[in-house]
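Number of protein chains: 2
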Amino acid sequence: MSFKPISDIGEFGLIRHIEKLVSPTLDHAPGIVQGIGDDCAVLETSPSTLQVSTTDLLVEHVHFDLLTTPLHHLGSKAVSVNISDICAMNARPLYALVSIALPEKASVELVETLYRGMSETAGLYETAIVGGDTSASKGGIVISVTVVGEVGKEKLTLRKGAAPGDLVCVSGSLGGAAAGLRVLMRERDIMLEHLRHGETFDGDVMNTLAEYSEAIKRQILPSARTDIVAFLEKKNVVPTAMIDISDGLAADLLHLCARSGTGARIEEGRIPVLPQARHIADEFQEDAVNYALGGGEDYQLLFTLDNARFGDIAEHPDISVIGKIVPEEEGVRMADIYGMTVDLEATGGFDHFRGRE
Amino acid sequence: MSFKPISDIGEFGLIRHIEKLVSPTLDHAPGIVQGIGDDCAVLETSPSTLQVSTTDLLVEHVHFDLLTTPLHHLGSKAVSVNISDICAMNARPLYALVSIALPEKASVELVETLYRGMSETAGLYETAIVGGDTSASKGGIVISVTVVGEVGKEKLTLRKGAAPGDLVCVSGSLGGAAAGLRVLMRERDIMLEHLRHGETFDGDVMNTLAEYSEAIKRQILPSARTDIVAFLEKKNVVPTAMIDISDGLAADLLHLCARSGTGARIEEGRIPVLPQARHIADEFQEDAVNYALGGGEDYQLLFTLDNARFGDIAEHPDISVIGKIVPEEEGVRMADIYGMTVDLEATGGFDHFRGRE
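Line by line, the protein sequences are chains A and B.
When the count follows the numbering used here, it moves up by one through the first sequence with no breaks and lands on 393 for the last residue.
When the count follows the numbering used here, it moves up by one through the second sequence with no breaks and lands on 393 for the last residue.
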């Protein structure tokens, strides 16, 4: 008997496979609105309210490296990335469960710093940490966070729902997280080189890298855009579709279009790139737009909007319209600044099991 | 600066510490009934219904060993142990989220077998698997399962609530899981010995160990007692306090009494020990009652009941009354079969960070 390595089907192939394996259990959830395949699962828990829930694993040496990630920030990020999934449903977070596996060498102080980061960040989003689990680990640290939230039935926003003619909008600026990671990886290599030669380094990454601090902050201390969800609520605007940008603008726009059965046409010149990401890209002789398209982890919201509602969001200083939804057969494409058309399906996003696709 | 190892405070000390660190976030959960400290967190989600939620991490080489645990059973157990926590609140499960971290060498077939086990078991408990996360792992396999359930307000049963005079009841029989583990660990050592000498073994643990099959099943394929919760519902009996036996009868009775502010007096002769656990204990020249008291992982329900309700549960063939609740100052004790009194606080349960206490 021969076994197929997971890299043969990739992360998204694996998820589709798992979706099929667990689908028979959905018969037991009469109120299910959405299972695997969106940012959150959605269930009807009362006549007017839907419950949304999401979970994320953060694995040491895969998602983070303690050499470049302060523990306090790690705790904060673990919470924020889940709250971001809640935001992507146009929902508000209610409570979180947090589990942690700790290697034998972990100290009480490590746990304190980590949980302080989680607790402070959960507080910012008015989310209670109500339970969890602790375990030993024979490998590195593993953190599992689950967040449950709620949304009014008429406000729920899925990845599907976009229609040709809708505007493609994005919150904040992109590319910062990837640029920050680029700098941190270089710094890590320098630190390891110092360590190899028995030299010391002060280890305070944030101070020695002050000129890159905004990009690094985007990487190690991202924010979930609960403020955008609150703004949409205030304006009584319900996006037609929404996703948070965790895999990169290209991959997440592809996810949204695939679920909606549409194409999209965006313009490179309209993509809001973090200015510091451009400086960093210049330094590495790379293109900052690629950080935005393929870098991921920006945790901004990508949503589509009925064209007629543009007036309601136009005043917001932190929402950019970057293109529009087109019929599926026109593909998912970007007009670059020279007017050339780039097929975004050829760039793709990040895949844990295959590296860059 | 010196760091305190977690083994200094132990698993329960760590949990109390974490409880303190996250407690400021509870201000954001106005409907919270119970945070960390019971089998589930409990929140008010509607005027008549409470939501309960629980999460568990299963870590390779800490909680399971693929040499002795068939993957299908591992998936099943990951689901059952969480459903058992839901049962311990006298609640019924609604839905589950499942995350998994997989080492590079993991195959698609491994994932299939694991998720089939989870899916089939979730189906048995009428629980939908609605979402999750996948990740690479640089160590072994890590599985995180979260289950959300519900219970009518008047049915909720916590660890606290037992009062002197209440009966101490336990479902099913105990000691099987520990006895099964004892056999599996011996078998594992033999297998490793074979492997070291380049010999083959057929690897089908269940077939070669037929005479121990019931105990092994209790270890690798435990059931959650949703049937007991349904029976209590049918009889309109609400226990005064309840916990599931995951750490061992002694430790879990201590947890229940600590939260209730009571003592307890149980009788060794009334503890329902799995007959096969007695045979295995004889073989190892050990005492099967110690498997029941200190072994853990039996996932039976331990609950207390107003004495006046005894008639309602007396007919059930699988519920044993093993003693009664006494005032706190009388301690948590067991009368052994010779009439001697054993202080259960001296035996304790299993602690992941310190080994046996």
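A few of these clues could be false.
Same chains, same names: a pair is fine if it fits in one copy or spans any two.
Unchecked claim - No farther apart than 20 Å at their CA atoms in a straight line, the calculated lysine-lysine pairs in the PhoX-like style are these: (1) K141 with K174; (2) K270 with K56; (3) K40 with K56; (4) K271 with K189; (5) K141 with K40.
Hints are computed from structural coordinates only; laboratory data are not their basis.
Bear in mind the structure is a predicted one, so any value in this text is a computation, not a measurement.
To see whether the hints hold, each was checked on the structure:
{"no.": "1", "hint": "K141 with K174", "in the structure": "both (10 Å within a copy, 17 Å between copies)"}
{"no.": "2", "hint": "K270 with K56", "in the structure": "neither (38 Å within a copy, 35 Å between copies)"}
{"no.": "3", "hint": "K40 with K56", "in the structure": "within (17 Å within a copy, 46 Å between copies)"}
{"no.": "4", "hint": "K271 with K189", "in the structure": "within (17 Å within a copy, 37 Å between copies)"}
{"no.": "5", "hint": "K141 with K40", "in the structure": "between (35 Å within a copy, 10 Å between copies)"}
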